[in-house]
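K.L.:
All chains, please: the whole structure from these sequences, using the hints.
Protein chains: 2
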Amino acid sequence: MSLSERASTTYLKNQEFLMKCFALCLKNPYCKKINKDGMINMGTAVNQLSEDILQEKLNQPGMFEHKPDLQHYCGLNGTLEFTKTLANFFTSRLSHGVEIHPEKIRVVNGVSSALEALAFCICDPGDIILIALPTYARFIADMGERSNAKLVGIELTAEDNFDLKPERFEKELLKLQEQGEKVRGIILCNPSNPIGKVYNKETVDDFLDLCIKYNIHLIADEIYALSIYDNSKFLSVLNYTENQTKGLVHFLWGFSKDFGIAGFRVGVIHTHSKDMLQALDGLGIYVSVSTHIQQVCNKMLLDTDWLDKVYFPNNIKRLRNSFEIVKEVLGDLDIRIVKASAGLFCWLDFSKYLEKEDTESEIKLFKRLFDEGKVYIVPGSEFGCTTPGWFRIIISVSEDILRVGLTRIKQILTA
Amino acid sequence: MSLSERASTTYLKNQEFLMKCFALCLKNPYCKKINKDGMINMGTAVNQLSEDILQEKLNQPGMFEHKPDLQHYCGLNGTLEFTKTLANFFTSRLSHGVEIHPEKIRVVNGVSSALEALAFCICDPGDIILIALPTYARFIADMGERSNAKLVGIELTAEDNFDLKPERFEKELLKLQEQGEKVRGIILCNPSNPIGKVYNKETVDDFLDLCIKYNIHLIADEIYALSIYDNSKFLSVLNYTENQTKGLVHFLWGFSKDFGIAGFRVGVIHTHSKDMLQALDGLGIYVSVSTHIQQVCNKMLLDTDWLDKVYFPNNIKRLRNSFEIVKEVLGDLDIRIVKASAGLFCWLDFSKYLEKEDTESEIKLFKRLFDEGKVYIVPGSEFGCTTPGWFRIIISVSEDILRVGLTRIKQILTA
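So the sequence lines, in the order shown, correspond to chains A and B. Residues in the first sequence are numbered from 1 upward in steps of one, following this note's numbering. Residues in the second sequence are numbered from 1 upward in steps of one, following this note's numbering.
The set of hints was computed from the structure by calculation and includes no laboratory data. We put the CB at the ideal spot given by N, CA and C, even for glycine. One should not assume that every hint holds.
[As the list claims (entries may be wrong)] Here are the computed lysine-lysine pairs in the DSBU-like style, where the Cα-Cα straight-line distance is at most 35 Å:
#: 1; chain 1: B; residue 1: K274; chain 2: A; residue 2: K364
#: 2; chain 1: A; residue 1: K27; chain 2: B; residue 2: K299
#: 3; chain 1: A; residue 1: K13; chain 2: B; residue 2: K327
#: 4; chain 1: A; residue 1: K182; chain 2: B; residue 2: K150
#: 5; chain 1: B; residue 1: K150; chain 2: A; residue 2: K13
#: 6; chain 1: A; residue 1: K57; chain 2: B; residue 2: K36
#: 7; chain 1: A; residue 1: K84; chain 2: B; residue 2: K27
#: 8; chain 1: B; residue 1: K175; chain 2: A; residue 2: K13
#: 9; chain 1: B; residue 1: K104; chain 2: A; residue 2: K36
#: 10; chain 1: A; residue 1: K84; chain 2: B; residue 2: K13
#: 11; chain 1: B; residue 1: K27; chain 2: B; residue 2: K274
#: 12; chain 1: A; residue 1: K374; chain 2: B; residue 2: K67
#: 13; chain 1: A; residue 1: K327; chain 2: A; residue 2: K274
#: 14; chain 1: A; residue 1: K150; chain 2: B; residue 2: K150
#: 15; chain 1: B; residue 1: K364; chain 2: A; residue 2: K274
#: 16; chain 1: A; residue 1: K274; chain 2: A; residue 2: K27
#: 17; chain 1: A; residue 1: K104; chain 2: B; residue 2: K20
#: 18; chain 1: B; residue 1: K36; chain 2: A; residue 2: K104
#: 19; chain 1: A; residue 1: K84; chain 2: B; residue 2: K246
#: 20; chain 1: B; residue 1: K299; chain 2: A; residue 2: K36
#: 21; chain 1: A; residue 1: K67; chain 2: B; residue 2: K175
#: 22; chain 1: B; residue 1: K84; chain 2: A; residue 2: K33
#: 23; chain 1: B; residue 1: K274; chain 2: A; residue 2: K150
#: 24; chain 1: A; residue 1: K299; chain 2: B; residue 2: K67
#: 25; chain 1: B; residue 1: K67; chain 2: A; residue 2: K57
#: 26; chain 1: B; residue 1: K20; chain 2: A; residue 2: K299
#: 27; chain 1: A; residue 1: K67; chain 2: B; residue 2: K339
#: 28; chain 1: A; residue 1: K36; chain 2: B; residue 2: K13
#: 29; chain 1: A; residue 1: K20; chain 2: B; residue 2: K274
[Claimed, not checked] Facing chain B, from chain A, some residues (calculated, C-beta under 10 Å):
#: 30; residue: T10
#: 31; residue: Y11
#: 32; residue: E51
#: 33; residue: H72
#: 34; residue: F120
#: 35; residue: C121
#: 36; residue: E145
#: 37; residue: V287
#: 38; residue: H292
#: 39; residue: I293
#: 40; residue: V296
P.N.:
Here you go:
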């Protein structure tokens, strides 16, 4: 028998781009020792830069411990211990003293699950969430596939240096409302993926004001908040008090990017909204994380000495170094590299190397890079960028892979 | 701003019964040393009987290990290593030699998530799944809350000794079809929760035939398959070949019951349906399990010596012993105890102790047990049993708690 209409449409007709390319890379991965002709994946946002530091830390005795009270149903939405530690971690690193309370934190199995859950709780099927384009493509998948929220993009432009303009969101919102659509929220991805920019206090404040003005939700994805490697001033929405947010602001973070441990499947939601917290508790069993892994994460975050003196300084230094390598290797090409301040990627304009200035040519270049160059980088059109020729390169692969990958890109571009 | 209509209706208007009672018990839990008047939870299906054995095993050096390849996105739907081990585990313990293939296995964060995912893939909103009543109440929640499948029950009766009659399912299916409803599948929970019965080969075969006849799905929840403690003959649907199942049969199992490690959040789906596997891969990121926990589970299952000589024999013996204790302590009351063959519970008829033979009186008794007796057991009406007076008692709590809990029940009944 066939599957449901919704499952067939969503999952059988085609495979989501990022997932598909990731799977293809996995089948034939590059290895400098045994598979020099394998695929280099600079499309999937993983952070390999601090593998050594994490390996040492996570293999310390006592990191994993079994106790009978971890065995049973407990902390489905976050153990008491871990949410307390997270609250302290956020208070000291993101909200700069504005006290974060553990009872407003929920732990889920990754930020994809968090986005799916928020879409269910904020939108009825077909309701709209606004998002800046180019955007990390899985926002659309995560909120749309099963939860049926519809994402509508507002395109940022290269001429504007990809700056966020809240007034353009307002204009779009009013237009959609006039058409009878229900706009229920805005996603603010800060630091931004794929641009690598950090949006300043003024911009974030403007988005909060906008959401309050129209009584819609602000979904703040700050999963790269601790991967800022220049002097950009970043304002986390965690700085807003309960009173300021009116229950409209929902903060997202996880272990997959700033720590590069996607394998843990640990995401975090913070919100002042009591209704949202209650709804998240109700659906907690579908997004639950192993209590044992929560315990491991807890121990990592409790070791502030390690965080401050070993992990973060090194990770940040290595990210900065990776971005410098991109400029070094590709700097003499006729391209534009947007100055990245944060994140695991950078955003580049290869339009001068397209056959024609259209999306077909961009995809053609992507395919040449993928099939001939054996290097996977994501073309801008997959992120909703309509100006052809832009690509996102993941820079947080290990240095030797980065250099091989960039060299392959250069060879294809200049061939 | 308010949440979506669907989130408000599902999660804000009331809290699901099992979750609510569980949360209340957690606030004031019984402890023989420091809280003798606390709540005894014999409502939530946890297995505490083998805590000692698991504690020893899971704290062995090397059970948890971090390697860089576990750090990144890998095995979102089950690592290669773990699915291979699961395939061997099932082949030797459940399908008795019918070879189970790892590529037909998906690992998810608990069987609740599995049920939610299957409901999405099998049903469009409002489509119907048939289920025997009384039933584990969360089938209805897991498949209905976010995935909007509608569960319709077929009531088993005490007179029939709660036997499953496939012809009653067929009759209901035809009736619903006549009413224009779309019936898309049947849930077969075997061994059954809450009855504790094992359904034999003939019955399971009949259900397969029925599903094939009407081209509907068979969702086989066998989460208690390795907790059978008498000589009942059990037929897992894993015994059916690809050819026999016509892609209609989906097997569910997990670590929460047979190993009692709900804290791991590890569930397993096996299916021969290529479409279902593809759909599960598509939604894999929402139901993913930590790679590290998959590694721990893998190591547990690879130690067949420990499974065969330590864990299973002891766990089974202790389950059997618990059921004997129930008969010993409550045996002189005027009640009926259905002979349980498997699982963590037994099913009892307290109707002689109701004020009147109606559901209100059953709930009144539940409340007296909960509020005065400080013991939580689930009333049959919560499982869809319309004959008043039935209750499910979880027997897999530690022996001292079991004895205190049963004594409290006895005191309330005979007060």
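K.L.:
Tell me, which hint numbers fail for this structure?
P.N.:
3, 6, 11, 13, 16, 19, 21 and 28
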